[in-house]
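In case you want the letters, here they are:
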Amino acid sequence: MSDQREPEGIVLTEAQKRSRRQRSIAIALALGVLVLLFFAVTIVKGPAVLNRPL
Amino acid sequence: MSVVDHNAIELGPRISEADVGDYIALLKPRVMSLVIFTALVGLVIAPGHFHPVLAFTSLLCIAVGAGASGALNMALEGDIDALMTRTANRPIPRGRVTRPEAMAFGMTLAFFSVMTLGILVNWYAGALLAFTIFFYVVIYTMWLKRWTAQNIVIGGAAGSLPPVVAWVAATGSLSVEPLLLFLIIFFWTPPHFWALALFRSDDYARAGVPMLPVVAGPDATRLQILLYTIVLVAVAAAPWPLGYFDAIYGVTSLVLGAGMLACAVEVYRRRERAGSLRATRKMFAFSILYLFALFATLLLEEVAHAVAARIG
Numbered sequence: 001m002s003d004q005r006e007p008e009g010i011v012l013t014e015a016q017k018r019s020r021r022q023r024s025i026a027i028a029l030a031l032g033v034l035v036l037l038f039f040a041v042t043i044v045k046g047p048a049v050l051n052r053p054l
Numbered sequence: 001m002s003v004v005d006h007n008a009i010e011l012g013p014r015i016s017e018a019d020v021g022d023y024i025a026l027l028k029p030r031v032m033s034l035v036i037f038t039a040l041v042g043l044v045i046a047p048g049h050f051h052p053v054l055a056f057t058s059l060l061c062i063a064v065g066a067g068a069s070g071a072l073n074m075a076l077e078g079d080i081d082a083l084m085t086r087t088a089n090r091p092i093p094r095g096r097v098t099r100p101e102a103m104a105f106g107m108t109l110a111f112f113s114v115m116t117l118g119i120l121v122n123w124y125a126g127a128l129l130a131f132t133i134f135f136y137v138v139i140y141t142m143w144l145k146r147w148t149a150q151n152i153v154i155g156g157a158a159g160s161l162p163p164v165v166a167w168v169a170a171t172g173s174l175s176v177e178p179l180l181l182f183l184i185i186f187f188w189t190p191p192h193f194w195a196l197a198l199f200r201s202d203d204y205a206r207a208g209v210p211m212l213p214v215v216a217g218p219d220a221t222r223l224q225i226l227l228y229t230i231v232l233v234a235v236a237a238a239p240w241p242l243g244y245f246d247a248i249y250g251v252t253s254l255v256l257g258a259g260m261l262a263c264a265v266e267v268y269r270r271r272e273r274a275g276s277l278r279a280t281r282k283m284f285a286f287s288i289l290y291l292f293a294l295f296a297t298l299l300l301e302e303v304a305h306a307v308a309a310r311i312g
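Going down the list, the sequences are from chains A and B. So in my numbering the end of the first sequence lands on 54, straight run, no missing numbers. So in my numbering the end of the second sequence lands on 312, straight run, no missing numbers.
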């Protein structure tokens, strides 16, 4: 008897897995850019980062 | 016939196969590039020192905000896009991305672009970017586009705002110069889009979009293109005698304006099918070159002044 069980529920096709991975990487990169942006502006503005018009 | 069968019954959950390219297409990259360029000019001609990191942040937020508007526009116009040959290849009509997915994508980008611009640069610019997105999505896409032939005249305000947002980001205030840039793009929009609408009028008629050539006919549209072009050339040249931009800009705007006027006269005169098609396509292409060259002149002048100041 084999230990491998049939997967239950929804099984993604290769194309779906590939596109999901691509989208996940893009989201990670976008979040990375956002973090870097906030870091860079904090360095540029220094302690005055929260002092802005309005 | 629609590319997408909206009455299809979906069995089970739909698993997306959309790749990154589909989501990039939702951002309308070509429109975005013009937005970035005009915003860059707004940033560069703004007085005072603006740190490059903040300038980059502002441009990025304006670009993402424009992309968000594009995605929301496509989410709301999926039905129209499916009926027009020019737009049938967009991700929603092709079934690559669903309308709720595009809506969620657009809303997320809109939220992050506005908040980031507000937090990192200033809230006046953030608020103006939010207003620009609202104007494009709600006023233009949801209201004017399907309701009036003046859709792109009023809606053009949204596309005219990026240099103003950029100026406000750089200075924290408003002035006459960005409003002049606003007016130039505002009066450029109708002749540009009506030239497109003239050679795509069958598309718009099939989709039931009341563009001017569909509602008022091609001859009335040709006249309107000519009239708006005359106003555009005058508005674009006005900053020179008014003393806001210098003679190099003034002469360039007049030379380019002569080209725009020649194209508009050609569109007005050519009524037979083949000649009309050629004239409207030429007008559409030249109008893009016109706006690009006009703003590039301002950009290059500013760069030249900065280099001269550094050398002197």
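It is worth saying that the hints were derived from the structure and are not from the lab. What you are looking at is a predicted structure, and each value in this text was computed from that prediction instead of being measured. Cβ atoms here follow ideal geometry from the backbone N, Cα and C, with glycine treated the same way. It is possible that some hints are incorrect.
Partner residues aside, some chain A positions facing chain B, computed with beta carbon under 7 Å [stated by the list, open to error]: (1) Ser19; (2) Gln22; (3) Ser24; (4) Ala26; (5) Leu29; (6) Leu37; (7) Ala40; (8) Val41.
Structure-based check of each hint:
no., hint, result
1, Ser19, "holds, 5 Å"
2, Gln22, "holds, 5 Å"
3, Ser24, "violated, 10 Å"
4, Ala26, "holds, 5 Å"
5, Leu29, "violated, 10 Å"
6, Leu37, "holds, 6 Å"
7, Ala40, "holds, 5 Å"
8, Val41, "holds, 5 Å"
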